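K.L.:
Protein sequence lines correspond, in order, to chains A and B.
Residues in the first sequence are numbered consecutively from 1, following my numbering.
Residues in the second sequence are numbered consecutively from 1, following my numbering.
Note that these hints are calculated values from the structure, not bench results.
Just so it is clear, the structure is predicted and the values come from calculations on it, not from any experiment.
Glycine included, C-beta positions come from ideal geometry on N, C-alpha and C.
Certain hints may be false.
[As the list claims (entries may be wrong)] A short, non-exhaustive set of chain B residues, derived as facing chain A with CB atoms under 10 Å:
#, residue
1, Leu61
2, Glu64
3, Lys230
4, Lys237
5, Asn245
6, Phe247
7, Asp248
8, Glu253
9, Arg255
[Said to hold, decoys possible] List time: in silico PhoX-like cross-link candidates among lysine-lysine, alpha-carbon distance up to 25 Å:
#, chain 1, residue 1, chain 2, residue 2
10, B, Lys71, B, Lys57
11, B, Lys77, A, Lys8
12, A, Lys10, B, Lys254
13, B, Lys35, B, Lys57
14, B, Lys77, A, Lys10
15, A, Lys8, B, Lys254
16, B, Lys230, B, Lys261
17, B, Lys281, B, Lys225
18, A, Lys62, A, Lys72
19, B, Lys170, B, Lys109
20, B, Lys35, B, Lys71
21, B, Lys35, B, Lys208
Listed below are the residues making up each chain.
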Amino acid sequence: MKIDELYKLKSLFVTREVGDELIIVPLSGNVSNMNHLFTMNETGKLIWENLRPEENIEYYVKLIMDEYEVDKDLAYNDVNMFLARISHLDDNL
Amino acid sequence: MKAHTLQLRIAEFNIELTSTSKLELDEGYDHFIVKQSPYINIFIACFAGFPQGLSLKSNDLVFEATNDQQKFYSIYKQSDRLIFILYNQKKINTVQQIGYLDASFSHWKIFSQGINGVIQPMVYPMGPILLHYITLQSDAAMMHASCAFDGINGRLFSGFSGSGKSTISKIWADAGSQIINDDRLIIRYQQDAYYVYNTPMYYSDRSKKASLNSIFLISHAPENKIKRLKGAEAITKVMAFSIQNNFDPFWVEKRLEFFSKLCDQISVYSLGFVPNENVVKFILENELK
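With the sequences and hints as input, model every part of the structure.
P.N.:
See below:
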């Protein structure tokens, strides 16, 4: 899923911060999706909170590198894991 | 024309039903009928027959409860009011009831087909839907869960259908606990504590209340095993088994706030269990004292 597509989806979720994690609840028009609540870890939360349609993957890699002082490979891995997980979010709307 | 009035007290919420038609409730409501409440939380005006001139547009549809075979209910939003269309589960796509709920969530109008001048306004699923919307305006939530109360501690058991909610409650009952309910419960926060209440079911049972001390998310397992859940994991897993109509961000935020505070104060566990009496001892040995 591309960053701008993800940004468009963001308004269809309600979030709550719990410690370093983020809970994401899809706004759904169907009862069958009511069990689909998500949690995001610290890095997922950082990306979610900084989603902007004009940014690309490299921006978020740098964001994670700066925030957590990790190397580029690890940061890439975090961003890709986030995108893989998040790509299923719109199945629940 | 003579007005008929019934008052109910469910989970310490006071509900008044009025109609010019005679009102009839399932036997599950028998022990929830009260003579006169000092105050009323929810007013329900009940009517025989469906409203004339109701026009629903697909754009107004905000929520649908369906499965592969049929619709259970649909919710439309027009101006500030919600309109509920409830379907007969034995006759596919046949409307059973229509409900109007005002913006304050305190006044309902329920339209039902009368039979010989008698109407049943709380017929399933109207009863649970109505209770869900009562909990939304309070520090409360409705859960798919059972609860056993040993006189001091209330233990709530929730999980998917077939996970053993009734089974584990029965095991606790055999060990001397009282079953509060084995399917639908209301949790309320009152005076710095959480309580569990039963709700009217298809069978007759008296109104019950217990303190809530721990929540177990259960599943069948080859051996008893328990794990304490905390933070976001506990909140999402408990909330997943609550009744939700997640179309309005305001109410979803309120729900998240309720379950966050609940899971902060009440211990939550994941429990895999073997369905025999040993699970009682296992829980007593492993839960937080």
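K.L.:
Next item in the hint list is B:Asp248. Is there a CB on chain A closer than 10 Å to its CB?
P.N.:
Result: holds, 8 Å to nearest chain A Cβ.
K.L.:
Next pair to validate is B:Lys230 with B:Lys261; report whether the Cα-Cα distance is within 25 Å.
P.N.:
Satisfied, since the Cα-Cα distance of roughly 12 Å is no more than 25 Å.
K.L.:
Is the interface hint satisfied for B:Leu61? The criterion is a beta-carbon contact with chain A at less than 10 Å.
P.N.:
Given a least distance of 7 Å, the restraint on B:Leu61 holds.
K.L.:
Going by Cβ atoms only, is B:Arg255 closer than 10 Å to chain A?
P.N.:
holds (8 Å)
K.L.:
Take a quick look at whether B:Lys35 and B:Lys57 sit within 25 Å of each other, Cα to Cα.
P.N.:
Violated, at about 41 Å.
K.L.:
What's the verdict on A:Lys10 and B:Lys254, does the C-alpha distance respect the 25 Å limit or exceed it?
P.N.:
Roughly 19 Å separates the two Cα atoms, so the pair holds.
K.L.:
Regarding the pair B:Lys281 and B:Lys225, is the alpha-carbon distance no greater than 25 Å?
P.N.:
Holds, at roughly 12 Å.
K.L.:
Answer holds if the nearest beta-carbon of chain A is closer than 10 Å to that of B:Lys237; otherwise answer violated.
P.N.:
holds (8 Å)
K.L.:
Would the hint linking A:Lys62 and A:Lys72 be met if the CA-CA limit is 25 Å?
P.N.:
Distance ~8 Å between A:Lys62 and A:Lys72 Cα, so the pair holds.
K.L.:
Mind checking the CB of B:Phe247 against every CB in chain A and telling me if the closest is under 10 Å?
P.N.:
The hint holds - B:Phe247 has a Cβ within 10 Å of chain A, the shortest such distance being about 6 Å.
K.L.:
Holds or violated: are the alpha carbons of A:Lys8 and B:Lys254 at most 25 Å from each other?
P.N.:
Roughly 24 Å separates the two Cα atoms, so the pair holds.
K.L.:
Holds or violated: B:Lys35 with B:Lys71, Cα cutoff 25 Å?
P.N.:
violated (36 Å)
Checked against the numbered hints given earlier, this structure breaks hints 13, 19 and 20; the rest are met.
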